[in-house]
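*Asks:* Protein sequences appear in the order of chains Y and C. So the first sequence is numbered by my numbering: it starts at 1 and just counts up by one. So the second sequence is numbered by my numbering: it starts at 1 and just counts up by one.
If you anchor each label on the Cβ, the simulated ranges turn out as follows: (1) F69(Y) <-> T5(C): 36 to 44 Å; (2) K70(C) <-> Q67(Y): 33 to 41 Å; (3) T3(C) <-> I5(Y): 30 to 38 Å; (4) M53(Y) <-> S80(C): 36 to 44 Å; (5) S7(Y) <-> Q14(C): 36 to 44 Å; (6) Q118(C) <-> S86(Y): 29 to 37 Å.
Think of the hints as simulated: they come from the structure by calculation, not from any bench. Please read these numbers as outputs of a predicted model, since none were measured by experiment. Cβ atoms here follow ideal geometry from the backbone N, Cα and C, with glycine treated the same way.
For reference, the chains in residue letters:
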Amino acid sequence: AAGVIQSPRHLIKEKRETATLKCYPIPRHDTVYWYQQGPGQDPQFLISFYEKMQSDKGSIPDRFSAQQFSDYHSELNMSSLELGDSALYFCASSLEGGGTEAFFGQGTRLTVV
Amino acid sequence: AQTVTQSQPEMSVQEAETVTLSCTYDTSESNYYLFWYKQPPSRQMILVIRQEAYKQQNATENRFSVNFQKAAKSFSLKISDSQLGDTAMYFCAFMNLMYSGGGADGLTFGKGTHLIIQP
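Using the sequences and the hints given, assemble the complete structure.
*Replies:* Written out as structure tokens, the structure is:
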């Protein structure tokens, strides 16, 4: 069965650079979530989209932005990267919004040097 | 805002034993979902079990079951006949039910319990 696809799997950037993470949800899933998991930490909710509109916003820095496109894939744009942005970034998708099972991708490991 | 507390940073049991992981939460909402996720060393997040707050019956999935006490805001996970493959980080998570038919509130996770199954 198709799963949530995240790309790239690994990314190394320098401070103050920009990064774009991509998420391709499971086919027919209309909801996408982004989470950030620092080393040894629990995942922190960043932002979610339902039917291409922002649905909920968590602890997403102003330097980050995201959107969901017409084909339901989503991109997380991160600018002015800081060392503290180094983390595992998860995308998850679900059908018809909250409460249904959210399937997680394998994550993108971002390292800022 | 809701909070999720897991008071056991690490637990270790022998294979085939039964183990219970604790989770408490705080919310002013009445309609919500609770989840247990497993994160093995691969870092993949895997849903173990889900409980709707409006359901009184405790959810079960094979060897995994929960004890949901809504009044006490407690949601513990019991793993029966534990297996080596159960070794992982276990996160308890909360999600508000925003409204039916759509919308997507994010999950609030606890700090996790590192479960080690010894051979």
